[in-house]
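Trainee: From just these sequences and the hints, can you work out the full model?
If you read the protein sequences in the order shown, they are chains A and B.
In this text, residue positions in the first sequence follow my numbering: the first is 1, and each later residue adds one.
In this text, residue positions in the second sequence follow my numbering: the first is 1001, and each later residue adds one.
Wrong hints could be hidden among the right ones.
[What the hints assert, rightly or not] Derived CB-CB ranges, DEER-like:
(1) Ile-1221/B / Gly-208/A: 17 to 25 Å
(2) Lys-119/A / Pro-1198/B: 41 to 49 Å
(3) Asp-207/A / Ile-1213/B: 38 to 46 Å
(4) Thr-1117/B / Thr-108/A: 24 to 32 Å
(5) Asn-1111/B / Val-248/A: 32 to 40 Å
(6) Arg-1114/B / Ala-65/A: 52 to 60 Å
For the record, the hints were derived by calculation from the structure and aren't laboratory data.
Glycine included, every Cβ here is placed at the ideal spot set by N, Cα and C.
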Amino acid sequence: MQEPSRMIRLITPRLGPALAVFVLAALWAFPTQGADVKPADLKPVVDPSADKLLKRMGDYLAQSAFFSVNAEIWQDVQLGSGQQVQAGRTVGLQVRRPDRFHAEVHSTRRNRELFYDGKSITLLDRIHSFYGSIPAPASLDQALDAASDRFGIEMPLEDLIVSDPYESAVRKIVSGRDIGPVTVLGTPCEHLAFSLGRVDWQIWIEDGMKPVPRKIIITYKDEEGTPEYTAIFSNWDFQTKLPDFLFVFEPPSGVSKIDVEEIKARNQTHQQEGK
Amino acid sequence: MRFANSILRRKIWASLAALLVAWPLLYAQHQQQGGRPEPAQRSEPARAPVQHSQPAFVNRSNHGNVRHVDTHAVSRPGQRPVEEPHNFNRHHDVYVHHDVDVDFHHPRHWNNFRFGTRFAILPVGCVSVVVGGSPYYYDDGLYYRPDNGGYQEVYPPVGADVPELPDGAVAIDAGGQTYYYAGGAFYVQQGDGYVIAPTPIGVTVPELPPGAIQVVVNGGIAYQFNGIYYQPVFVDGVTQYMTFMP
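Mentor: Laid out in structure tokens, this is it:
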């Protein structure tokens, strides 16, 4: 039986290289795993000026009882050939807090509308003359989340619709900075840039008494081709009242009601088919 | 011997110390790269559906908001556009993204299908295929049969084995099987080619087969194509069509 101290002396030189390899592997493993979860845990590094301007804009929209705005959207799309092209469309949006919105999305071959009246969300496909409704919670935020999570419906410009646009925007931010003053279609704005890690976004906020967004760009860095989504806003209107009938869907003549498929049901169908 | 062990231990501790110093630098570099895969992967030629060759990239079905940026960031079972898997093609082009509001004018060859249309001569580029002992001719999603000295456009015949998918085919996962849908036909891969399978029931397709006829089934609007019915339904906020049998 050898003494413990002698055993340690004998074993240590042999374990040394193995220990080094183990430590090396552990050190490499931790950063790899950490990169996926760290952005949520990191304290955001946001320029106070950028934060202040974003909050001012968010508060302005949140405190507006109603508003309407138009947007021209340009979105990068990658073709199978690898060529990247832009697709365009326009959105007309009307919001009346706390529980109404209407949006019309229009392009050359597509035209759809979305109505939310505090009880349900209705989709209207004007090209194919179909409509469908889903029950919706009684608040804008919950309705937006239900539409997205349960039915895969993303509301156009929903970052402006939510009850607290500032809180909604900053909750996943990892960094933000104030790029500086610039004009958007002749309107003096402040250019802010934020990052969520895998997704960057920029916003141009109008200077002066009406701090509304004039332009937004979202860059999807984790998608092939790093596509961008660009929205340019015009005709902000906080004066014209928005009557009830704007948000209540009345089927036009000649349209037919169809089902709105729920994501959960879709996945269950696929699983059943797989049995 | 003791002297040699001492030197070895010193080397180990020096290595560990160097690693501890280098770790934060390596970590910062990794963070700066955002954990993204090296772009070198992207230069490889795509010979299979995009999602298979480049699994590291996210494919969102929606764009345009920060609030739900991660809600559907990973491709779900269902439909996905197909990268042309063969390379002896002409001008095939498909969308990598299938977004709700993206609007391009992109006619496919098989959009022109009209059952029974007669031709005196075959279109250039047709491939001869035999289905159940009968001769057919295939051209990018369209099928023809000899008829009275000419040729007649016919429905895609189940069992046809073609060398390439039609332009714009969309991959649909259902029942543990990947189908490639185009022009009212559901193809499955067999070896180097693709064979038309019987239409699976209960799957959703992004667009109607060309020439589908509107009918009324149980009081609701539906469409019929080659004996199969398609029911319109909103999926992800856009109109799509689910196959069914009344």
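Trainee: Kindly confirm whether 38 to 46 Å is satisfied by the beta carbon distance between Asp-207/A and Ile-1213/B.
Mentor: Roughly 58 Å apart at Cβ, these two residues miss the hinted range, so it is violated.
Trainee: Using the Cβ atoms, figure out if Thr-1117/B sits within 24 to 32 Å of Thr-108/A.
Mentor: holds (28 Å)
Trainee: Is it true that Ile-1221/B and Gly-208/A lie within 17 to 25 Å of each other by Cβ?
Mentor: The hinted range 17 to 25 Å is violated for Ile-1221/B and Gly-208/A, with Cβ atoms some 51 Å apart.
Trainee: Per the hint of 41 to 49 Å, is the separation of the Cβ atoms of Lys-119/A and Pro-1198/B within bounds?
Mentor: holds (43 Å)
Trainee: Do the beta carbons of Asn-1111/B and Val-248/A sit within 32 to 40 Å of each other?
Mentor: About 38 Å separates the Cβ atoms of Asn-1111/B and Val-248/A, which means 32 to 40 Å holds.
Trainee: When you take the CB atoms of Arg-1114/B and Ala-65/A, is the distance between them in 52 to 60 Å?
Mentor: At roughly 55 Å between Cβ atoms, Ala-65/A and Arg-1114/B fall inside 52 to 60 Å, so the hint holds.
In summary, the structure is inconsistent with hints 1, 3 from the numbered list given earlier, while agreeing with the others.
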